[in-house]
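Enquirer: My request is simple: use the sequences and hints to build the entire structure.
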Amino acid sequence: MALDFHQNHFELFGLTPRYELDNAALDATFRSLQNQVHPDKFAHLSDAEKRVSMQWSTRVNEAYQTLKSPLNRAIYLLQLHGIEALAQTNTQLPMAFLMQQIDWREAIQDAQQAADMTALQQVEADVATHGKRWREQLLTQLDQQQDWRAATDNVRQLKFIEKIMSEIDDAYAAMDV
Amino acid sequence: MALLQISEPGMSTAPHQHRLAVGIDLGTTNSLVASVRNGVAVVLNDEDGRALLPSVVHYQADQTVTVGYAALALQSADPHNTLVSIKRFMGRGLADIVDAASFPYQFVDAPGMVQLKTCAGVKSPVAVSADILRVLRDRAERSLGGELVGAVITVPAYFDDAQRQATKDAAKFAGLNVLRLLNEPTAAAIAYGLDNASEGVYAVFDLGGGTFDISILRLSQGVFEVLATNGDAALGGDDFDHRIYCWVLEQAKFPILTAGDTRLLLTKARAAKETLTDHTQVNISALLASGEMINLELTTAIFNEITASLVNKTLSPTRKALRDAGLTVEDVKGVVMVGGSTRMPRIQSAVAEFFQQAPLTNLDPDKVVALGAAIQANVLAGNRAADDWLLLDVIPLSLGIETMGGLAEKIIPRNTTIPAGRAQEFTTYKDGQTAMSIHLVQGERELVSDCRSLAKFELRGIPPMVAGAARIRVTFQVDADGLLSVSAEELKSGVQATIVVKPAYGLSDDDITKMLKSSNENASLDMQLRALQEARVEAQRLIDAIHSALAENGDSLLSDAEIQQINAEITQLQSYIAADNHRVIIDATEALNQTTSNFAAKRMDNSVKQVLAGQRIDTL
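Residue numbers (the numbering used here), protein chains in the order written: chain A, 1 to 177; chain B, 1 to 620.
By construction, these hints were calculated from the structure, which means they are not laboratory data. Take these hints with a grain of salt, some might be off.
Unchecked claim - Quick list of in silico lysine-lysine cross-link-like pairs, DSS-like style, CA-CA up to 27 Å:
id, chain 1, residue 1, chain 2, residue 2
1, B, Lys333, B, Lys313
2, A, Lys68, A, Lys159
3, B, Lys492, B, Lys456
4, A, Lys50, B, Lys172
5, A, Lys132, A, Lys159
6, B, Lys172, B, Lys117
7, A, Lys50, B, Lys609
8, A, Lys50, B, Lys602
9, B, Lys410, B, Lys456
10, B, Lys333, A, Lys68
11, B, Lys609, A, Lys68
12, B, Lys410, A, Lys159
13, B, Lys410, A, Lys163
14, A, Lys68, A, Lys132
15, B, Lys456, B, Lys430
16, B, Lys492, B, Lys410
17, B, Lys410, A, Lys68
18, B, Lys430, B, Lys492
19, B, Lys313, B, Lys410
Every value quoted in this text rests on a predicted model; they were computed, and no experiment measured them.
Expert: What follows is the structure, given as structure tokens:
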């Protein structure tokens, strides 16, 4: 296998491109790679070596961030199959999901206004449960059925979950004065 | 009979010569320098055996500069010309300093950074910091007996780009080769982690004189991985002093104060705070310039009450950092206390209560950062096989750009592991548009006006096309120091737009050159010698690096012709080093750098390949 800067993230980490992933192996390879390329290993060397090291280290970090996050990994896998899951044109979502999302947003706002920590934790737990179920479905859709269409819909729902989670973060922060 | 040692041709005579490198903790209240000696990190003391250098600089009209304890002694008598806590002004404009009125200084609002008027002229915080660093550099060179190869300078993890850039500028101005800017809590973790060989998740709670950082790190198999960091770049022991100062004024029914009185009362306030570390009450007495006598009793109970909101201000970032790391208090195995302000009993109890465990205080909280920086400096200088441990740090604040409607779009989110890069494509919105301007900001808020402006720059020379046809790729790169650089290219035409990022706060390289010149006006000969010396050191460093790279895998990666070319340039450069034109040395060094860049790339490919080959064998 040829090794160059244009390899995809899976190739860089010596992994088969699939959704299921051995996290421990990913972490171990990440560490060995950074041990070779990190700028701290080149601080006493020439500018040329420092430059190459920064480029490689950046590249390894980017690949690791993408592969480590289940959602980003799924988006990236779909990209490798020519699908831009989050493209602007891709906006259809099931009505039931949209309703669910509105409910969550209202619950977060209510919890924040009432400074009700328990209520916020309940929303968080509910959102997390949904997220977990959809991530499990991704495994089947991507690795077994290769159903890119279903996986794309799922990814877009999970992207909303991520946004709602960050709104929950903001609500916690706002309540923490 | 002992065997004679003969070095390889072209190798320096002492290939394993110990390179002198130091770690410097440039603090708000005190600064320190440390180095690794005989394998152990030690703080380097001054001639009187003192480790701390008060970060205080006194200027006189005849340009005499006094730094440290001697300057500290002058602060009540000459408050305008004695600059303390200068770190709070690094990379900051006048508008950023909310409590400007409580400082006895004459601030000058300057486009780059706030400046301070002294009898020796207007001083920038960078120049004042450089004066402190110069004293530490001299101390180190005297103590270690030679010129320094480089230094690791620590910065608060929560410092933004402007504050980091200002710190690096100050070090350059003091003639230091900056090996790395290292985050203070991370430095402390190195000192602790290597001492205790611990594995697991640790929190580093760092409350200094003027800054607060909280970092959550995972230590595992020799890797220090920062998971999240948060803090407040304007919260520290000074604020606790200030609360006492305000309480004194209130109790004394707001007497009229001179600048000297203000300084005196702030000094008394700090002393009172320190006394309360092991006492339950303290007497504060001061004679004001007006002849009025102040005499008050401050109890721990009152102190805790007037500073309760400050203690809370440390807990909110702590909660945020834990959330960002995706962890809870139960996951934290130990809490490391750093910074002199963590000696306050109320801080220790608040941290213990929050983390449900007693914090670790077995290393001196004043010295731990400098010790960690020294250990890292020793590795970065190439003094030991660098594969013992690896440090993975993060960017503390999100980087973004201004989009339509004054909104900030995040390009690189906070807590991304550095070095980090991101390319973003832009297009034109008018036919024939040949330029566009990009505004870079740092911060978490949605509105650009609530974030810190880092730089505004213009892309010029875009070939005229219909609106939306041009594709401009802008690449943002954050290096291992946490500093940002930007480059841009028009993809359709391949035009490389030249960008000079003019820092909104901070100094351009031109400014540094100007400052260096003006400080050396009376010593231009000295400066030329210094430039020549630096060029020679730099050239020799490169030659040594290439020699060891060639010895390692030159034969397997390069053709004979390539090796000959490199050797010819090395011979040429060596002849320039022997002569005394620094410009020629610099140019030839740069040329050799260019020639070997392909070799560097191949070497890197090779080592990456080896990792994967090794990994495949492991997994078989």
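Enquirer: Hint compliance check: list the failing hint numbers for this structure, sorted ascending.
Expert: Violated hints: none at all, because every hint is consistent with the structure.
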